[in-house]
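Protein chains in written order, with this note's numbering: chain Y, 1 to 376; chain S, 1 to 376; chain Z, 1 to 322; chain U, 1 to 322.
These are computed hints drawn from the structure, not numbers from a lab.
Do not take every clue at face value.
As the list claims (entries may be wrong) - In silico EDC-like links for lysine to aspartate or glutamate, alpha-carbon gap of 16 Å or less:
(1) U:178 / U:150
(2) U:44 / S:78
(3) Z:44 / Z:17
(4) Z:300 / Y:168
(5) Z:300 / Y:344
(6) Z:21 / Z:48
(7) Z:21 / Z:163
(8) U:300 / S:168
(9) U:44 / U:17
(10) Z:300 / Y:78
(11) Z:21 / S:168
(12) U:21 / Y:168
(13) U:300 / S:78
(14) U:21 / U:163
Claimed, not checked - Pairwise CB distance ranges (calculated):
(15) Y:375 / Z:322: 23 to 31 Å
(16) Z:106 / U:189: 45 to 53 Å
(17) Y:24 / U:48: 39 to 47 Å
(18) Z:195 / Y:344: 34 to 42 Å
Don't be surprised by glycine CBs; every beta carbon is placed ideally from N, CA and C.
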Amino acid sequence: MTTVDLADPPVTNPFAGTTGLPRTSEGWTQLVTPDGRLHPDVDADHDALGRLTRDLYRGMRLARRLDDEAFALQRQGELGLWLQCRGQEAAQVGSVAAVRADDYVFPSYREHAAALWRGIGPADLLRQWRGVAHSGWDPEPYSFHIYTLVLAAQLLHATGYALGVQRDGSDTVVVTYFGDGAASEGDASEAMNIAAVNDAPMVFFCQNNQWAISTPTSSQTRTPIHRRGAGFGLRGEWVDGNDVLAVYAVTSAVTEHARSGNGPAIVEATTYRMGGHSTSDDPTRYRTDDELETWRARDPLARVEALMRAEGWSDEAFLGEVQAEADEIADRTRRECLALAAPDLADAFATVLADVPQLLREERDAFVAYRASFLD
Amino acid sequence: MTTVDLADPPVTNPFAGTTGLPRTSEGWTQLVTPDGRLHPDVDADHDALGRLTRDLYRGMRLARRLDDEAFALQRQGELGLWLQCRGQEAAQVGSVAAVRADDYVFPSYREHAAALWRGIGPADLLRQWRGVAHSGWDPEPYSFHIYTLVLAAQLLHATGYALGVQRDGSDTVVVTYFGDGAASEGDASEAMNIAAVNDAPMVFFCQNNQWAISTPTSSQTRTPIHRRGAGFGLRGEWVDGNDVLAVYAVTSAVTEHARSGNGPAIVEATTYRMGGHSTSDDPTRYRTDDELETWRARDPLARVEALMRAEGWSDEAFLGEVQAEADEIADRTRRECLALAAPDLADAFATVLADVPQLLREERDAFVAYRASFLD
Amino acid sequence: MLTLSQALNSGLRRAMEDDDKVLLMGEDVGRLGGVFRVTDGLQKDFGEARVVDTTLAESGIIGTAIGLALRGYRPVCEIQFDGFVYPAFNQIVSQLAKMRARTGGRTALPVVVRIPVGGGIGAVEHHSESNEAYFAHTAGLRVVYCASPDDAHWMIRQALAGDDPVIFYEPKRRYWVKGEVTTAGPPLPLDRARTVRPGTDVTLLTYGGTVATCVAAAEAAAPEGRDIEVIDLRSISPLDVATIEESVRRTGRAVVVHEAPTFAGFGAEVVAQVTSRCFYSLEAPVERVGGFNLPYPPAKVEEEYLPDLDRILDAVDRVLAA
Amino acid sequence: MLTLSQALNSGLRRAMEDDDKVLLMGEDVGRLGGVFRVTDGLQKDFGEARVVDTTLAESGIIGTAIGLALRGYRPVCEIQFDGFVYPAFNQIVSQLAKMRARTGGRTALPVVVRIPVGGGIGAVEHHSESNEAYFAHTAGLRVVYCASPDDAHWMIRQALAGDDPVIFYEPKRRYWVKGEVTTAGPPLPLDRARTVRPGTDVTLLTYGGTVATCVAAAEAAAPEGRDIEVIDLRSISPLDVATIEESVRRTGRAVVVHEAPTFAGFGAEVVAQVTSRCFYSLEAPVERVGGFNLPYPPAKVEEEYLPDLDRILDAVDRVLAA
Ligand SMILES: Cc1ncc(C[n+]2csc(CCOP(=O)(O)OP(=O)(O)O)c2C)c(N)n1
Ligand SMILES: Cc1ncc(C[n+]2csc(CCOP(=O)(O)OP(=O)(O)O)c2C)c(N)n1
Ligand SMILES: [Mg+2]
Ligand SMILES: [Mg+2]
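From just these sequences and the hints, can you work out the full model?
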């Protein structure tokens, strides 16, 4: 049995130095058409592009598989809840791959594909959804903060972290993910304003997946969300979020722009949440099969596969290898999930403050004694 | 002794139908230069413009006088606090005069000139600053909500009110005032977004007076605040806030735009807070005499006076009349201030809920009995 | 027989039929009918102008509801989960609660804030909080908890019929419990406590999700000869101290039960009221049973965290032993 | 002799000298030195990177402070007035307070939130609130009140030296009161109560702005033969129950005094603790003296609203009469 290496693969940017990425009539940057053809204006080394595409594909494919398995585990009662990232793999992998491994990420709660790319394993990703913890991993080794469930709160944390980076004289960039819904929260606007006025080295990455639970983006905002960049004084970019190369290229550009001290950016990636909001959701109540079909036809994984075929970047061996890795991830996801055991509530008393003050100690001791009384 | 009529004077819009108001190189709409010359491109009936100018001048002059008197009363210990509107009379009077008397206004806390224009008298304006009440007037007869001291909170109230107006099928427009500092609060952004996505009939009127206490606008925002309009999908306008005719023209235009169902607007009026933030503030700690001098030279009242002189719109009689009215306002302000007596705390118990529940009744009765015990 | 969720739905429907100024607003309350389906079908029947899917901004929801109330509407705001009311805290505490007092009694704000509350449903963090103490400490708000379908139906209608802002708590883990809804009219004023089980030995004072737990505890203790009275406080602010006082003077013993952490929790106020009003009748100090003084724990251990039958009876034993 | 405001200033200065990760941030804390001048001169001496005039956004202040703390900084946030902390409530309650527990104890957030608190300075609405009960009920926060220049200086340094988030209350009406600041080192751990005046007949339990009022009341009552003990709680969460228990067991009588409205106020917790710990020593129910259960009233009547010497002694008389 091989062991999938989850360490953030080193990637070199084939778009470095290129300018003027092609856009669709909607105004999105798009390098690969939905049917998988590379835009003729893409001016990058073909081999390097091929290597990058394969790496990104692998990340997306593994994430899809983990996501599917977690979904199944929830349906089997092994997870309390799961929020699928299906459909958003290009937006997540394309963006996280475009930043340095030590660029610090503040995710929302659906960034499984980005987290997996950074090397966060299934146990850590599933822990909180199984109800055995409130967070999954130690952020430090991954430069990837824990999930934040309170919408838009993490945008301010990211901004503060970036202000710290700035004070340290470090060239780290901070990336934060949020949704089209979260963009309506006051915290999102406060964060963009603070980042702009301080030239914070940051990328606000909005996955506009068309829905906030049952609320469509059209009820959430009058304008495309990236326009807020101009409102607050950030660079604003719009990208086809189902085109992993476009996401990669745009994110690279704004990240290096921020790294060079030119200030923060907001990227809006137009994508689609192919599953329900969560496993508790019933999306048939609010969206049509037609809509779903339209977006299924734009599945970001299918697009990369078509591209690789067309450009001669994939062969049986490569696809088979990725398939095997995906199978292994699925296996690991199931195995690690089932091994996640409930914590001891008594331990929680020591996690509230740096010490355990008298009242909490009394309470813990009483709880432990009370619990023990049932064992007699 | 004459009695100043504080009822919102009827004003007809000499700019109705005109298009393409002149702008300065900064991009502000400006009809009258700082030294009082009317821009040659202003295409409006000269007599009507004269009448309007005189009305606006009167409103500004009376407000200046009330403001000065209230400031003096604070210095003499008769008010606990006062926040001067000195320097912002053009922004306030120009905007409030441009909307209908039944258009509903949600002020911040410095809109004394706008309030006076609407007919709110000195007693009502001073009440809360003397510490005898938390609010000054009954909003209904004036279509002018009480002051809101928690920054930006009123922007959401205004937005909600506008959503109600919309539901009622009324053609009322809602105007809300806020500062350059308040614009940074999450509530301000949430309000603009909600207004935009609902096409609410509203005008967000920002008086950018360059300071939020000691914080200059440059530390508050990277971009001019009106740009947020484009970010959220509102019409955005920038106006010289010390040019009362420009403020009037721009506000008229966006109000009628909103009234016709074309959606909300944000107006940024560039102006200056000539006094301290409040009577507790010491502005010498953070701003230079030079700056103050520069803006003194742009005093909005001086500009209208120069304009009226240049255009032959004012004579001794008119100026004398306004002067007499201002003197009377000053008198009234002092008289009414001194007459404002402390409330009875016992009455407050009946203002918390629609009825007085048992615990509160017990508390009030005990308080009244306790207080009476000292009289024995 | 209706579930608590259905009983709320029918109460809201009646309120909307009776008064066309009543509006529902919140995240996903329209097409979806709310994540707990409390507003199911109401947008279809009353239209998008009366059942509004708002933007995702809780401060915006409460702030605009205040504006709508100033314009004469009666908005019912749904906060999707207890833990998401905090972005609206400023609008609730400084604006909604204080408007009447700030205007010397002139301006009423009839806004109802519905909050699905508490734990016991296996949810992830921020979805199981009991934050009533914050609002109970805020003058100018009514804070009520429904615990049965009958109360759910009538209390939401009473909340909407009144002129005060009401924080209306709905215990999530009781949404699917069924019960009769009386049709004759409201069984009790909104601000009255109810003795749900009479008893003589000790009084359990509770509300919301733990009312059923307390009743179960009382039933379980009955065969052993302990006769426990259970009072559902229903309105925690204002608090019906008369009903509490009458009971504890009679029983001489009391235990307060709620899900929230006890420290500076609402139970402390109940203890203080009982102690000051019934001091000379008290045979034992009033006990508190609540959540531990931790952030709400992960779902797998929430049953240990929440007051259950055993912990309640343990406290009953303590006050009876004294 | 320093004023309380100066003592805070010197404490902050020392903390900044000792640890270059300490940052001050807030509205107008830089050039202006804060509206109460607590940070006066610090931006001049430590630069704009360490004393930061933030944008006008309280949620932004706390939210970015959390990010800075995650990056290794120790931010001290000033909230300009008590009534303006509510926009930051979400960041404080769901993020700042819970981060350590959410991460199983791994992630500390050493953020100090300074709040000028309470009334008695003739201010307009929203500028005189006492909102400690909200934070005391929130697990994961330390909530402390300084009441003298000595405590102000040392407690702010202790708050900054620790790894927990601290809500640090500064009673506004005591900012200009002068007192000695000891130099030998902190007179007491941060989480200990202090007996500021020993006595035998009744214990006054208080904190913040009313400590001096209680001492004055005790002094006034002494000639009449009432020997009143006064305890300054200092840290209300965690609460030093040992000191309280020892005192009330001895005196058998207690009165809790604070400025906040009493209903579901922090005094209720003190009553509950005292009653449960000292039940058999209590000669009378514990009394509470606080603000009335109203929104804070206009300045002209605030002296009637706030607990004063007479109202405290009135309560003392009641517990002594029992
Ligand atoms: C402050 C807050 N309010 C409400 C919620 C409940 N909630 C969770 S996810 C969600 C929709 C979020 O939509 P979006 O930001 O577009 O992200 P997506 O789920 O589409 O990835 C809502 C309303 C929350 N988590 N936090
Ligand atoms: C939520 C909130 N935070 C802080 C304050 C304290 N405060 C009162 S006025 C002010 C500055 C406001 O500046 P701006 O919005 O530009 O209005 P201006 O005073 O210049 O008219 C501050 C910080 C407040 N009133 N409300
Ligand atoms: Mg979305
Ligand atoms: Mg300003």
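Structure-based check of each hint:
1. About 9 Å separates the Cα atoms of residue 178 (chain U) and residue 150 (chain U), which keeps this hinted pair within 16 Å; it holds.
2. A distance of roughly 36 Å separates the Cα atoms of residue 44 (chain U) and residue 78 (chain S); the hinted pair therefore is violated under the 16 Å criterion.
3. Restraint check for residue 44 (chain Z) and residue 17 (chain Z): the C-alpha separation of about 14 Å stays at or below 16 Å, so the hint holds.
4. A hinted pair counts as satisfied when its Cα atoms are at most 16 Å apart, and residue 300 (chain Z) with residue 168 (chain Y) does not qualify at roughly 41 Å.
5. The suggested pairing of residue 300 (chain Z) with residue 344 (chain Y) holds, with an alpha-carbon distance near 10 Å, which does not exceed 16 Å.
6. A C-alpha spacing of about 14 Å is found between residue 21 (chain Z) and residue 48 (chain Z), which places the hinted pair at or below 16 Å, so the restraint holds.
7. For the given pair, residue 21 (chain Z) sits about 13 Å from residue 163 (chain Z) by alpha-carbon distance, which is consistent with the 16 Å threshold.
8. Straight-line distance between C-alpha atoms of residue 300 (chain U) and residue 168 (chain S) comes to about 41 Å, which puts the hinted pair past the 16 Å bound.
9. Taking the CA atoms of residue 44 (chain U) and residue 17 (chain U), the gap is about 14 Å. The hint holds against a cut of 16 Å.
10. Our distance criterion of 16 Å between C-alpha atoms is met by residue 300 (chain Z) and residue 78 (chain Y), whose separation comes to about 11 Å.
11. A threshold of 16 Å between alpha carbons decides the hint, and for residue 21 (chain Z) with residue 168 (chain S) the separation of about 10 Å falls inside it, so the pair holds.
12. A hinted pair counts as satisfied when its Cα atoms are at most 16 Å apart, and residue 21 (chain U) with residue 168 (chain Y) qualifies at roughly 10 Å.
13. Of the supplied pair hints, the one linking residue 300 (chain U) and residue 78 (chain S) holds, its CA atoms being roughly 11 Å apart against a limit of 16 Å.
14. With a C-alpha separation of about 13 Å, the suggested pairing of residue 21 (chain U) with residue 163 (chain U) holds against the 16 Å cut-off.
15. Checked against the given bound of 23 to 31 Å, the beta carbons of residue 375 (chain Y) and residue 322 (chain Z), roughly 26 Å apart, stay inside it.
16. Separated by about 50 Å at the C-beta atoms, residue 106 (chain Z) and residue 189 (chain U) satisfy the suggested range of 45 to 53 Å.
17. Between residue 24 (chain Y) and residue 48 (chain U) the CB atoms are about 44 Å apart, so this pair conforms to the stated range of 39 to 47 Å.
18. Our hint of 34 to 42 Å for residue 195 (chain Z) and residue 344 (chain Y) holds, since their Cβ atoms are close to 39 Å apart.
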